[in-house]
Amino acid sequence: MKATHLGQYLGALGLMLLLSSPVTLFITSGSLTAAVVKAGLGLVLVGVYLATNLESFRQFASSQASFAFLRSALTVLVALCGLVALNYLAATKGARWDLTQGRIHSLSPQTVTALESLPEKVVAIGFLPPTHEANALLESLFQRYHEQAPERFEYQLLDPSSSPELAARFNLRAGQASVVLVRGEGLNAPHTTAASVSEQDLTNALIRLTSVGTQRVYFITGHGEWPLEKEQANAADPGATLSELRRQLLHEGYAADAMYLVGTTDIPRDASLVIIAGARAPYTEPEVEVLRKYLAGGGRMLYFTDVGLEDGLGSLLAEYGIQLDEGVAADSQFNSGNPYVLVSKFYSNHAIVKPLVQRNLNVQLPMVRSLGVLREGMAPGVRVEPMVHTSQNGWVETTPAQNAVPSDGEKAGQLTLAAAITRDTSDTPDKRFGEARLVVLGDSDLLLDSNWGHEPNRNLVMNALGWASHQVARITVRPPDREVSTLELDASAVKRMRFLATDLFPLTLMGLGIAIWLARRHK
Amino acid sequence: MRTALAIARKELSVYFTTPWAYGVFTAMAALSSFLFVNLLVEFQLRQAEARATSWEQMSPNLHAYRNLTDGVVVPLWGIVIAITLFVAPFLSMRLFAEEKRNKTFELLMTAPVKTIELVLGKYLGGLGIITATLGTTLIFPLLLSLHGHAESGTALDWTTVLLGFGGVLLWGATCMAVGLFISALTESQMLAAFLTFTVLLPWMMLTGVAQSASEPLRSVLLYLSFDAQLHEMTRGILEVKALVFFTSVIAFSLLLTHRTVEARRWA
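For the protein sequence lines, the chains are L and E, in the order given. Mapping of the first sequence onto this note's numbering: residues 1 to 523, in sequence order. Mapping of the second sequence onto this note's numbering: residues 524 to 790, in sequence order.
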C-alpha cells in the first residue's frame, strides 16, 4: 500500500477521533483524560495524513481551484458565523405566540401576578431523572416563567443522582420527580416544594414561598357541617367530604383545621378565615356571639348553606344585610335541563367573579338557596354586594316536589345566589383587620369532593377564599384547558374508518399514480 | 427566478410522472393511516375510562385525551414527522444524483443557467413534491372534524392543527434541503438517500442525547435538535427561534449545495 493512501486512511481515522472527543467529554464517559487522549491521537493521525500527502497539497495550492476552494470555505464559514449569531439572538430574545384557542399554553393571570410581586429572586430546581416523561413539560413551564420575569425567576433541571448533596439538602427521595423553589441565596435560604409538575402547583408554591407566615383556615364543626376528612364521611356517601378543598388549601399555603366553638369565647388570633359549610343543627347563642364578635373585630368568614337548612345564624346574617330565602331558587331559562340546576353567567363587577367574566365561565349550582339583600337593620358600616344572580326568569320555588313553575306569592325575578359583604371595622379596638369580610353562598354541595372537579365552581370558591383572606394574588382563574371534544364511533364505524384510511386511501393514490404514469407513457 | 421556476416545474413534472413518487405517496398514506386509526382507538379507550371514573382521577399525563386536538392530532403530527424522516431521502435522492448518473449534469453546467437558479429550481421542485406528500395527511384532521363533537361545534382547534401542519412542512422542507446537498455530492441515488437518512436520524435523536448531558451542553443540544424545535409548534405555539433555526438549516444546506455544484465548474 502506498504511503499516501495509508496516510489518507489514518487521517480519516484521526479526524473522527478529533471530532468525537467532545462527545466523549460531555456525553459518554465524562472523562477529561479520555477526551484529551482521543483528541491528541486524532491530531497526530491528521498530522500523518498531512505529512504523507504534502505533494497533493502543493499541487492543490498552486492550482486555480485552490483559490476557488478557499473562497468557498471562507464564504461558508462567514455564513455559518452569521447564522450562529442569528440563532443565538433568536434563542435568547425570540418571541413566542400562543395561538391556541383560549391561550392554554400561556401563563394565567394568577401566575403573572405572583411573578410580578416576587420580592426577590427565586430559583426553581427541577429534580428529574433525564428520562422522566415530565422533563420537557417542566422545562417548557420553567421557560415561560423565566420569560415573564427574567430578573426574578431562574431555573435549572438536575438529575437527583448527579446532585446527591442538593437532593439531601431538600430531603428528596430517589426516583421522585420534584420541583424545589428557593428564595434568595445561601444554604439557609427558605425553600418549598411544588406538589406536581403543573402551573397550578408551581404558582401556589411561589405564593407560599413569598407569603409571610402561614394563613390558617378554621372549619367550624359540631353542627352537622361537611367533614374535612375522607375517613369521617358517611358510608352511604363517601364523596360528601371537604377533603379536596382542604387539599387545595394546603397546596396554596393555608393550614386547614376543624374547630369547635363550644366552650370558646373567641376565634383564635391566628385565624385568617373561618368557614361554615352546610351546618344542619342550630348554633347556640354563645356560639353565635363568638362569631358576631369575630366579625365585628374585622374577621373573615365564608358561609355556605343549603336549601332547607336551619342553623340559627339568621340574625347574625341579617346584621350583615343577608336573609336566606325559604325554598329552592329556580330559573326557567338558564338551567341544565332542570329548573333547579341553575347555570349562571350573570355576575356583578366584584373582584371575586371578575375573572369568571373574563374567561366566560358559567357556574352551575344545583338546588341552591337564594339570598335576600336587606336594606335596613344592619350593623353600622356594612356594605352588601351581590355577585352571582339568576336570569330575570328566576323564582323561589317553595314547593319543589309539587310543581316547577312560579306560583302566586313566590318571589320572582332576578335572584341573588351569592354575595360579598364588607364592614368597616377600622374604629374597633383590638381589631384583626380594618375591614370585616363575609361571603355568603346558598349552596354548600359545590364544596364536596364529588363536585370539586367543576372548574367554574371551584374558581368561584377559591377566588372567594382569596378575597376574604386578603390573598389578592390568588384571585384569579385556575389554568385553563382546551374544550373537551369527543369522538363517538362504534365498532363498525371504526372498521369503516380503518378501511377508508388504511385501504382505500393509499390504494387510490397508488392507482392514480399508475394511471398518470401509463397515460404519459402512451402519449 | 423565472429560470428557477422553470426548473422547478420540470422537476415536478418528472416527479408526478414517475411511479416511484406514487410509491412514496402510498407508503406515506398507508403508514400514517394505520397509525392514525390506532390513535383513534386509543383515544376512544381513554375517553371511555374517563367516563367510567373522571378526568380528575386519571393521571395528568392522560389529560391530553380530553380533546381530539391534543389526543389525536398532536401525536399524529409527531408520527408524520417520524415517517418524513424515512420518506424525504427517497424524494430528494434523485435531485442531482440522477443528473450525474445520466451524465446530464455536464449539460446543465454548460447551459446558460446560473448555479443559484439551478439550486433554487431543484429545491423548489423538491419542496413541491414533499408538500404534496405531506398534504395527504391533512385528510385525517378533516375526517376528525367530520366525526368529532364538541359543545362549541368545532371538534378541533384548527389554529393548533394548521400550525402543527406548518411545523411538519418546515421539517419536510429541511429534510429536502439536506437531501439536496447530499444528492449533489454523489451520483448514486441510493447512497444519497442512505447518507441523508444517516445525517437526519442522529440529528433528530439529539433530544435523547441532550437529556443525559449537563448544562450548558444540554441547552445547546436541545436547541439543535429538530424534534425539540418542532415540539412547541405542534402544540400550537409559534416561536421565532424555531423559524430561525429551520430557515438557517435550509439556507445553510442550500449554500453548501451551491458551493458543491459550483465546484464542478472549477474541476
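Warning: the hint list may mix true and false statements.
[As the list claims (entries may be wrong)] No farther apart than 30 Å at their CA atoms in a straight line, the calculated lysine-lysine pairs in the DSS-like style are these:
1. L:K411 <-> L:K495
2. L:K121 <-> E:K764
3. E:K764 <-> L:K93
4. E:K623 <-> E:K637
[Claimed, not checked] Sample of chain L residues facing chain E (criterion: CB under 10 Å; computed from the structure):
5. L83
6. R432
7. F433
8. S492
9. V494
[Unchecked claim] Between beta-carbon pairs, the in silico distance windows are:
10. L:E133 <-> E:A529: 30 to 38 Å
11. E:A529 <-> L:Q148: 29 to 37 Å
12. L:E326 <-> E:L661: 43 to 51 Å
13. L:N234 <-> E:A571: 45 to 53 Å
Quick caveat, the hints were computed from the structure, so don't treat them as lab data. Don't be surprised by glycine CBs; every beta carbon is placed ideally from N, CA and C.
Now the hints, each set against the structure:
A distance of roughly 57 Å separates the Cα atoms of K411 (chain L) and K495 (chain L); the hinted pair therefore is violated under the 30 Å criterion. Taking the CA atoms of K121 (chain L) and K764 (chain E), the gap is near 26 Å; set against the 30 Å cutoff, the hint holds. At roughly 9 Å between alpha-carbon atoms, K764 (chain E) and K93 (chain L) fall within 30 Å of each other, so this suggested pair holds. The straight-line distance between the Cα atoms of K623 (chain E) and K637 (chain E) is roughly 18 Å, inside the 30 Å bound, and the hint therefore holds.
Among the interface hints, the one on L83 (chain L) holds; its C-beta lies about 4 Å from the nearest C-beta in chain E, closer than the 10 Å criterion. The closest approach between the C-beta of R432 (chain L) and any C-beta of chain E is roughly 35 Å, which is over the 10 Å cut-off, so the hint fails. Restraint check, F433 (chain L) versus chain E: the minimum CB separation of about 34 Å is more than 10 Å; hint violated. Interface restraint check for S492 (chain L): the shortest CB-CB distance to chain E comes to about 13 Å, outside 10 Å, so the restraint is violated.
The interface hint given for V494 (chain L) holds, since its Cβ lies 7 Å from the closest Cβ of chain E, which is under the 10 Å cut-off. Between E133 (chain L) and A529 (chain E) the CB atoms are about 50 Å apart, so this pair departs from the stated range of 30 to 38 Å. Range check, A529 (chain E) to Q148 (chain L): Cβ separation about 50 Å, and the 29 to 37 Å hint is violated. Checking the proposed 43 to 51 Å range against E326 (chain L) and L661 (chain E) shows it is violated: the Cβ atoms sit about 60 Å from each other.
Evaluation of the 45 to 53 Å hint for N234 (chain L) and A571 (chain E) yields a failure: the beta carbon distance comes to about 30 Å.
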